[in-house]
Amino acid sequence: MTDERFLVCDERDWEGLTPEQRDWMLFKTLRSVDGRLKSLERWNKAFSFMGGVIGGALAAMGIKFWG
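Numbering (this note's numbering), first residue to last: 41 to 107.
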């Protein structure tokens, strides 16, 4: 009931699970979400840094794009 990236479970599947299976599915989902958020945070930091470098360089050179 899972693929490589997301948990796929509908109400019929959920109702047929034992409490232990539900707990395990929730645990795996939270771990997966945590891993994806960490990856996004790394990319966000990298792109923010590069944007700051590029923007700072353009500002220092006095290049004006708008107005």
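One or more hints might be untrue.
[Claimed, not checked] Keeping only pairs whose Cα atoms sit at most 20 Å apart, straight-line, the calculated SDA-like set for lysine to any residue is:
no., residue 1, residue 2
1, K85, K68
2, K68, D53
3, K68, G92
4, K68, S79
5, K68, K78
6, K85, A97
7, K85, V73
8, K68, A86
[Stated by the list, open to error] Label pairs and their computed distance ranges (CB to CB):
no., residue 1, residue 2, range
9, A100, R62, 24 to 32 Å
10, K68, V93, 45 to 53 Å
11, Q61, G95, 45 to 53 Å
12, S72, V93, 48 to 56 Å
13, A97, G75, 52 to 60 Å
14, F67, G92, 45 to 53 Å
15, M101, D53, 57 to 65 Å
16, W54, W83, 29 to 37 Å
17, V93, F67, 49 to 57 Å
In case anyone wonders, no lab produced these hints; they're calculated from the structure.
Even glycine gets a Cβ: it sits at the ideal position worked out from N, Cα and C.
Do the hints match the structure? See the list:
| no. | hint | verdict |
| --- | --- | --- |
| 1 | K85 x K68 | 26 Å, violated |
| 2 | K68 x D53 | 16 Å, holds |
| 3 | K68 x G92 | 36 Å, violated |
| 4 | K68 x S79 | 17 Å, holds |
| 5 | K68 x K78 | 15 Å, holds |
| 6 | K85 x A97 | 18 Å, holds |
| 7 | K85 x V73 | 18 Å, holds |
| 8 | K68 x A86 | 28 Å, violated |
| 9 | A100 x R62: 24 to 32 Å | 56 Å, violated |
| 10 | K68 x V93: 45 to 53 Å | 38 Å, violated |
| 11 | Q61 x G95: 45 to 53 Å | 50 Å, holds |
| 12 | S72 x V93: 48 to 56 Å | 32 Å, violated |
| 13 | A97 x G75: 52 to 60 Å | 34 Å, violated |
| 14 | F67 x G92: 45 to 53 Å | 38 Å, violated |
| 15 | M101 x D53: 57 to 65 Å | 58 Å, holds |
| 16 | W54 x W83: 29 to 37 Å | 32 Å, holds |
| 17 | V93 x F67: 49 to 57 Å | 40 Å, violated |
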